[in-house]
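Go ahead and model the full structure; you've got the sequences and the hints to work with.
One-letter residues, chain by chain:
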Amino acid sequence: MRTKITIRLAAGALAALALPALHAQDGRQTYEQKCAVCHAAGLAGAPRPGNAADWAPRLKAGKAAIYRNALQGTMRGMPPKGGNPDLPDAAVRAAADYMMAGAAIAAKPAARKAVAQAPAAAAAPSATAAATAPVAAKTEPGSGATQANAFNRLLRPPSRRNPPPAEDGIHDPAVDGTLQLQPPLAAFSSMPRSNAGNRVDWVKALAEEKIAPRWERDKPDSAAVVMDLNIVREVKGSMPDVVYPHKQHTEWLDCSNCHPALFVPQKGANQMSMAAILLGQGCGACHGRVAFPVSECRLCHSKKKDGITAGAAAPHGDTPR
Amino acid sequence: MTRPAARSWQLAALAAALAIAAFAAGTREARAEYGDVVMNAFSTEAGMRPVVFPHWFHRIRFRCKVCHGDLGIKFQAGGNQINMLKIIDGQFCGACHDGGMAWAVENCNLCHTGTPNLPTQVHESTIQKLIAPGQAKTAPAAKK
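Chain order of the listed sequences is E and Z. Under the working numbering, read the first sequence as residues 1 to 321, first letter to last. Under the working numbering, read the second sequence as residues 1 to 144, first letter to last.
Think of the hints as simulated: they come from the structure by calculation, not from any bench. All values reported here derive from a predicted model rather than from experimental measurement. The beta carbon of each residue, even a glycine, is placed where N, CA and C say it ideally should be. Nothing false has been slipped in among the hints.
To give an idea of the chain Z side of the interface with chain E (calculated C-beta under 8 Å), a few residues:
(1) A32
(2) F57
(3) F62
(4) C64
(5) C96
(6) T113
(7) L118
(8) V122
Calculated pairs, BS3-like style, for lysine-lysine (alpha carbon to alpha carbon, straight line, at most 25 Å):
(9) Z:K74 <-> E:K219
(10) Z:K74 <-> E:K247
(11) E:K204 <-> E:K303
(12) E:K304 <-> E:K247
(13) Z:K86 <-> E:K219
Put into structure tokens, the structure is as follows:
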């Protein structure tokens, strides 16, 4: 009885206390079995473990970016998970940690040496190396303690926005197709960003021709039938009035998408409220589902009440509620 | 005699709780891309994983009007009753996923990638986050 208890206690304590140590050991094991093939020699520019010069520029982008690159792969040649789709994410991260840990320790003396040896002419690049290296080293031990008191604790940090399919919680990572799907960030990287939804400014992306979505299914060159008419809706309360632009909507949509099912095309015929929109009616058919959500108040409520912006008031067809 | 035994049980329980907490911290939560539509009108019943439709991917390639006007797909997750027969006949997804413009229906695992039993819903939508947040993860597929 007594021995059983002690065994159980020992096992429990081991599981709880030895996690960090296990993590490091796992990282080393994964590295040696999978990653070393390329990373040991730095094939095709792969960062070598413990090599401060290789890691310093990467650490500048943050650990999250390094993890993301390790998991999703990069354009420069890193395959997703190093070409081992069966490897658990935690193992990949542990391996990355193992490779980085050496670099962070080695970074300090390497940087100091660089500063000491640098002649005046070459001071700029080595100075940046010296500046980044200690920062990279500092984030290592301190990150756990500072995270508890970080700003916006409950907001999703940038590193966890637009996750790749295998990490988004709704795709099954066990399906081979999941790893073949394009990660959203790969598509969004060239597009203008916004603060909500996909964090892509779709209207701007279209205006700047960052994307060229087809207007007809099988005709790449067909053009949209755009109607440029703003509708101003006066709103109750203190919020600015809503300016509804037909232009940005008709660039994407056909008249029949909204009229008459969602909105009767007649002045005053459409009752609207934020509650109804939140429930998916009216504007909520798209806004809050696939277009920018209602958290972006000022994108719609954009016209000041007392006509301070002269000239905007007269020509618009005002739509009373 | 009882005291040290009780204490060691307490410690064991604490250690176990810590281990469970560490494990739970590592499990995934749903944080899908905004607008990803899970379609599960028939999949689970038919023994398949639900479909995850990446709205953003299609939006880069087509204006809304192509699917929601020309192809007649309604603005409502679960409102279209799409099944494989219709797709093979060239309706809905089948208008493009025909082996010509986009890959064809035999690539089951490129669409049917959802974790089993996910209900039909638009992910990260206002309704999912504010009005029915409990359903976000893995509610049973009782809902049609």
